[in-house]
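**Q** Single-letter residue listing:
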Amino acid sequence: MGLENLKTTLLNSKNDKSLILKTPIIGASGTYGYVDEYESFIDLNCLGAISTKGITLEKRPGNSGDRIFEVQGGMINRIGLENVGIQTFLLEKLPKLKQKNIDFLLNIAGSTTEDYERLAAIANEYEIKALEVNVSCPNVKQGCLEFGLNPNALFELTKKIRKNYDGFLIVKLSPNTQDIKPLATAVEQAGADCISAINTLRGLGVDVNYVGNKFIKKTVQGGLSGSCIKPVALYMISQIKQVVKIPVIAMGGITKFQDLLEFLAVGADAFQIGTANFIDPGICTNLAQELSEFMTKNNFKDFNELKGAIQND
Amino acid sequence: MPSFFYEKTENKMKKDYTGTIKSIKNIALNTFEMKIESKLKNAHSGQFISILCPNKTLRRPFSISDFDEETKILTILFKLKGEGTQYLKNLNTGDKIKFLGPNGNRFSLENKNCLLVGAGIGIAPMLFLKKELNKEGINNYLISGFKENNEVIQGSDENIIGGSVLDNLEKLIKEKNIDLIYSCGPTIVLKKIAQLAKDLKIKSYVAMEKTMACSIGVCRGCVIRLHKDNGIVYGSVCQDGPVFKGSEVVWD
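Chains A and B, in that order, are what the protein sequence lines are. Going left to right, the first sequence walks through residues 1 to 313 as my numbering numbers them. Going left to right, the second sequence walks through residues 1001 to 1252 as my numbering numbers them.
Calculated directly from the structure, the hints in this document are not laboratory data. Every value quoted in this text rests on a predicted model; they were computed, and no experiment measured them. Be careful, since some hints might not be right.
Derived lysine-lysine pairs resembling DSSO-like cross-links, with alpha carbons at most 27 Å apart [what the hints assert, rightly or not]:
1. LYS1131(B) / LYS1025(B)
2. LYS218(A) / LYS1210(B)
3. LYS17(A) / LYS245(A)
4. LYS1098(B) / LYS230(A)
5. LYS1096(B) / LYS1025(B)
6. LYS217(A) / LYS1191(B)
7. LYS1056(B) / LYS218(A)
Just a sample of chain A residues kept apart from chain B, beta carbon distances all over 12 Å, derived [stated by the list, open to error]:
8. SER18
9. ILE20
10. GLN87
11. LEU90
12. LYS98
13. ASP103
14. ASN150
15. ASN176
16. GLN189
17. GLN258
18. GLU262
19. ASP302
20. ASP313
Here are some, though not all, of the chain B residues that point toward chain A, as calculated from beta-carbon distances under 10 Å [claimed, not checked]:
21. ASP1016
22. LEU1100
23. GLY1221
Beta carbons are placed, not taken as given, at the ideal position from N, Cα and C, and that holds for glycine.
All chains should be modelled from the sequences, with the hints used to inform the complete structure.
**A** Structure (structure tokens):
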């Protein structure tokens, strides 16, 4: 496909840990399943990586009731971390990913510190190259976001995960906070190699209809995603970049090529695409293609040069 | 009586297509029939396509109401509901649309005395199913219910207008010696049909509907609860369905 100029390396210069990506475009967790589902739509080898559905120690059934609500410019979801659990992932999904040579980030979530520690140890044992720690899911009752909103708790948690895991450690931050800077700092100081942000924003979808002299109401409370959250994501990335040196994978409302430039302008080192995959299953590869062509046309020899140019102009 | 059964997930290959509108017709009150030409090679009753509607985040799923194996033209029926259907309504012959499909499983065709029940726009997959059953020479009777005379969509053996399609269903089942019911319509109707089938100890298949995000079995957004091995599991309407046995659905 000729995307050679998109190859990029995320590097934590403090410890020299790095993650090499074929392209800086990564499919976001929860929108790509366990990856192989998208095979009939796109060439998965044209993706930088795919972040798996959030995996927990035990399998989780997810939330009951309505899980999806469409809003202007986006959607609200409350899936509730439905997943097969780490054991089934290792048994059934991992061999497929390895066999097909698909680069992925293992996205993990837990309710307790011990959950995260054990998942990290398992990822280490199986030599999984990159781990994305979800401490920002707004849709589960226990854990997860509780760690993600308290800098001290997040520091302790990240430190413990770091202790058990030697690969490339990414922590995914939540935007549902007063100030994201102390969280980013905590993650970096605890030894994470990279930050990804933002997870979904808390939102409430309300549907009211007046039928037969009666109001019929429906509400769906969950995480808001889609193009409507892009300004929040841009702001959060710019905030994070003020306080950390480790690379930042940006996400939140990316749906078109121009969005990539906007996130680069505020310091992004790579991108994740989430909700837009539902609109167009081919969007990740299409964006990679557009980015590559833009670089060729304008004589940027590699992605780093483009990044440097946008950030310094 | 011999019966044959198609595996639920026979058609796993899902594709992204650009289709051309061959015709769009107003067939009843706020109800439209759209014929789409594309490279889609096959489709079966129960399956659906999810159409991309500009400026909307979520694709809109529509049951396939016909697929012509020779011309490869597929038909959908839709009723005006919101912005998605409004967009479709305003399209003209020759316009292009983007869709994914055929998604989901299909109705299994079984050689029994089949009753097909379509409630409102739920008639769409029933028309296609009837065509498939006829082709296999399987006995079938399609009864459909509509609120008003001007809402009637043609193609059924019997139309119930005004009342409920459920009235007299039991009588009809006994008269016609029905031993299998297929249905599509509002969940409340499907629930009652599943209950009736259970009471009469006959089999039922229902095509369910739920707001979808990915429509291809990835996001787990459109799940319903199903009985499985003495427990309850979540099944996605877009991939594990939309067709389920009436007896396997947990009817809340």
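**Q** Against each hint, give a clear statement of whether it holds in the structure.
**A** Verification of the hints:
Distance check on the hinted pair: LYS1131(B) and LYS1025(B) sit about 21 Å apart at the alpha-carbon level, within 27 Å; holds. About 14 Å separates the Cα atoms of LYS218(A) and LYS1210(B), which keeps this hinted pair within 27 Å; it holds. A C-alpha spacing of about 13 Å is found between LYS17(A) and LYS245(A), which places the hinted pair at or below 27 Å, so the restraint holds. At most 27 Å may separate the alpha-carbon atoms for a hinted pair to count; LYS1098(B) and LYS230(A) meet this at roughly 25 Å.
A threshold of 27 Å between alpha carbons decides the hint, and for LYS1096(B) with LYS1025(B) the separation of about 16 Å falls inside it, so the pair holds. A threshold of 27 Å between alpha carbons decides the hint, and for LYS217(A) with LYS1191(B) the separation of about 21 Å falls inside it, so the pair holds. With a C-alpha separation of about 20 Å, the suggested pair LYS1056(B) and LYS218(A) falls inside the 27 Å cut-off, and the hint holds. Under the 12 Å C-beta cut-off, the non-interface status given to SER18(A) relative to chain B holds; the minimum distance is some 29 Å.
A cut-off of 12 Å between C-beta atoms confirms that ILE20(A) is not in contact with chain B; the least separation is 26 Å. Here GLN87(A) stays apart from chain B, with its beta-carbon at least about 17 Å from theirs, past the 12 Å limit. The Cβ of LEU90(A) lies farther than 12 Å from every Cβ of chain B, with a closest approach of about 20 Å, so its non-interface assignment holds. Every beta carbon of chain B lies more than 12 Å from that of LYS98(A), the smallest distance being close to 20 Å; the non-interface claim holds.
For ASP103(A), the condition that its CB be more than 12 Å from all CB atoms of chain B holds, with the nearest at approximately 18 Å. At the 12 Å boundary, the C-beta of ASN150(A) stays outside the reach of chain B, the nearest C-beta of that chain being 29 Å off. Every CB of chain B is more than 12 Å from the CB of ASN176(A) (nearest about 20 Å), matching its label as outside the interface. Here GLN189(A) stays apart from chain B, with its beta-carbon at least about 34 Å from theirs, past the 12 Å limit.
In this structure GLN258(A) is separated from chain B by more than 12 Å, as the shortest Cβ-Cβ distance comes to about 16 Å. Against the 12 Å criterion, GLU262(A) stays outside the reach of chain B, whose nearest CB is about 19 Å from its own CB. No Cβ of chain B approaches the Cβ of ASP302(A) within 12 Å, the least distance being about 30 Å, so the stated non-interface status holds. For ASP313(A), the shortest C-beta to C-beta distance to chain B comes to about 32 Å, beyond the 12 Å cut-off, and the non-interface label holds.
Satisfaction of the interface hint for ASP1016(B) is found here, the shortest Cβ-Cβ separation to chain A being roughly 6 Å, below the 10 Å cut-off. The closest approach between the C-beta of LEU1100(B) and any C-beta of chain A is roughly 7 Å, which is under the 10 Å cut-off, so the hint is satisfied. For GLY1221(B), the shortest C-beta to C-beta distance to chain A is roughly 4 Å, which falls under 10 Å, so the interface hint holds.
Hint violations for this structure: none, all hints satisfied.
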